[in-house]
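S.K.: Sequence:
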Amino acid sequence: MRASVAARPVVVGAGVIGAGAAALGYAWWEARWFALRHVSVPVLPSGARPLKVLHLSDAHLTPAQGRKADWLRSLADLEPDLVVSTGDHLAHHDAVPPLLEAYGELLERPGVFVFGSNDYFAPVPKNPLKYLTGGTGTQVGGTWERAATLPFEDLREGLAEHGWLDLNNATGSLTVDGRRLTFAGVDDPHLELDDLAAVPPAASLGADADLAVAVAHAPYLRVLDHASRQGYPLVLAGHTHGGQLCVPFVGALVTNCDLDRARVKGLSTHQVAGSSPSWLHVSGGLGTSPFAPVRFACRPEATLLTLTAIDSAGSSS
Numbered sequence: 002m003r004a005s006v007a008a009r010p011v012v013v014g015a016g017v018i019g020a021g022a023a024a025l026g027y028a029w030w031e032a033r034w035f036a037l038r039h040v041s042v043p044v045l046p047s048g049a050r051p052l053k054v055l056h057l058s059d060a061h062l063t064p065a066q067g068r069k070a071d072w073l074r075s076l077a078d079l080e081p082d083l084v085v086s087t088g089d090h091l092a093h094h095d096a097v098p099p100l101l102e103a104y105g106e107l108l109e110r111p112g113v114f115v116f117g118s119n120d121y122f123a124p125v126p127k128n129p130l131k132y133l134t135g136g137t138g139t140q141v142g143g144t145w146e147r148a149a150t151l152p153f154e155d156l157r158e159g160l161a162e163h164g165w166l167d168l169n170n171a172t173g174s175l176t177v178d179g180r181r182l183t184f185a186g187v188d189d190p191h192l193e194l195d196d197l198a199a200v201p202p203a204a205s206l207g208a209d210a211d212l213a214v215a216v217a218h219a220p221y222l223r224v225l226d227h228a229s230r231q232g233y234p235l236v237l238a239g240h241t242h243g244g245q246l247c248v249p250f251v252g253a254l255v256t257n258c259d260l261d262r263a264r265v266k267g268l269s270t271h272q273v274a275g276s277s278p279s280w281l282h283v284s285g286g287l288g289t290s291p292f293a294p295v296r297f298a299c300r301p302e303a304t305l306l307t308l309t310a311i312d313s314a315g316s317s318s
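Residues in the sequence shown are numbered consecutively from 2, following my numbering.
Treat the hints with care, as some may be off.
Using 25 Å as the maximum straight-line C-alpha spacing, the simulated DMTMM-like pairs for lysine to aspartate or glutamate come out as follows [stated by the list, open to error]:
(1) Lys53 x Glu193
(2) Lys53 x Asp95
(3) Lys127 x Asp95
(4) Lys53 x Asp155
(5) Lys127 x Glu193
(6) Lys53 x Glu80
(7) Lys53 x Asp82
(8) Lys53 x Asp178
(9) Lys53 x Glu106
(10) Lys127 x Glu31
(11) Lys53 x Glu102
Read the hints as simulated data drawn from the structure, not as lab findings.
Please build the complete structure, drawing on both the sequences and the hints.
M.R.: So this is what it looks like as structure tokens:
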């Protein structure tokens, strides 16, 4: 009897270790279980025909990630009218050529992009507790603590030469399926590189535009508030990884910015006093840091947004 009682802690401990190993194994597998989300956003002028917008974010690509690259390449079959990439494309110094190859025929579509911190800086091992307390930036007092280590200018050139608009603290316009869309974007707010002055009133970009879109990598409230005040009906962002490690029936524990956890991914609205509400879509993203290659209850994703007329009902899945 004494031997049996003494053995119980060993059995319980082994069970806990086994369950932890199983959860870790599943989280490693889930990070490679890519999902395509479909969301409808009623944001176009009344009576307008729909537009298909593919929202990509946080690929964090390395040359060895052939499965992810193949899945990205397959998204061209969706034939989107527009592609929006909200940053953190890279996770390796040699990732620009495989990323452009993975984008493949998508580069023949109209597109816009901004950068995230992992377009400038290669990922490094970090204490995971820092992420659980909100993450850290690399800017102090207006200067970067370290030189950029990733070839972001090669990435910029590779995307721009295919006609994609660089929206890092910039504006622009595109004709998309016969409609004129205007855009304003900021450089990475997580690194405090965002210049809100680069996002002027939406109406100033052209009264003839069918839609004005604001784009950022990280959905910090200062950026969302500004876009709402400036009258942008649609705001697109990424960065959060959807929480990456979520609790079933609870959701994300963190957003890695000051956005509330309820809006860590998917479609919601954002409004400040005195302004009309903006639709906000936050992508849960496609990747992870190579030093934390796991997701739990938060599959990697891209989203096909169907923009519809304002007199249509929105839905998501």
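S.K.: Each hint needs a verdict: does it hold in this structure or not?
M.R.: Quick rundown of the hints versus the structure:
At roughly 31 Å between alpha-carbon atoms, Lys53 and Glu193 are farther apart than 25 Å, so this suggested pair is violated. Taking the CA atoms of Lys53 and Asp95, the gap is about 31 Å. The hint is violated against a cut of 25 Å. Note on Lys127 and Asp95: the hinted pairing holds, with a Cα-Cα distance of about 22 Å set against a maximum of 25 Å. With a C-alpha separation of about 28 Å, the suggested pair Lys53 and Asp155 falls outside the 25 Å cut-off, and the hint is violated.
Of the supplied pair hints, the one linking Lys127 and Glu193 holds, its CA atoms being roughly 20 Å apart against a limit of 25 Å. A threshold of 25 Å between alpha carbons decides the hint, and for Lys53 with Glu80 the separation of about 8 Å falls inside it, so the pair holds. At roughly 5 Å between alpha-carbon atoms, Lys53 and Asp82 fall within 25 Å of each other, so this suggested pair holds. For the given pair, Lys53 sits about 10 Å from Asp178 by alpha-carbon distance, which is consistent with the 25 Å threshold.
A threshold of 25 Å between alpha carbons decides the hint, and for Lys53 with Glu106 the separation of about 16 Å falls inside it, so the pair holds. Of the pairs offered as hints, the one joining Lys127 and Glu31 holds, with about 21 Å between alpha carbons and a cut-off of 25 Å not exceeded. Between Lys53 and Glu102 the alpha-carbon distance is near 22 Å, which keeps this suggested pair within the 25 Å criterion.
Consistency with the previously given hints fails for numbers 1, 2, 4, ordered from lowest to highest.
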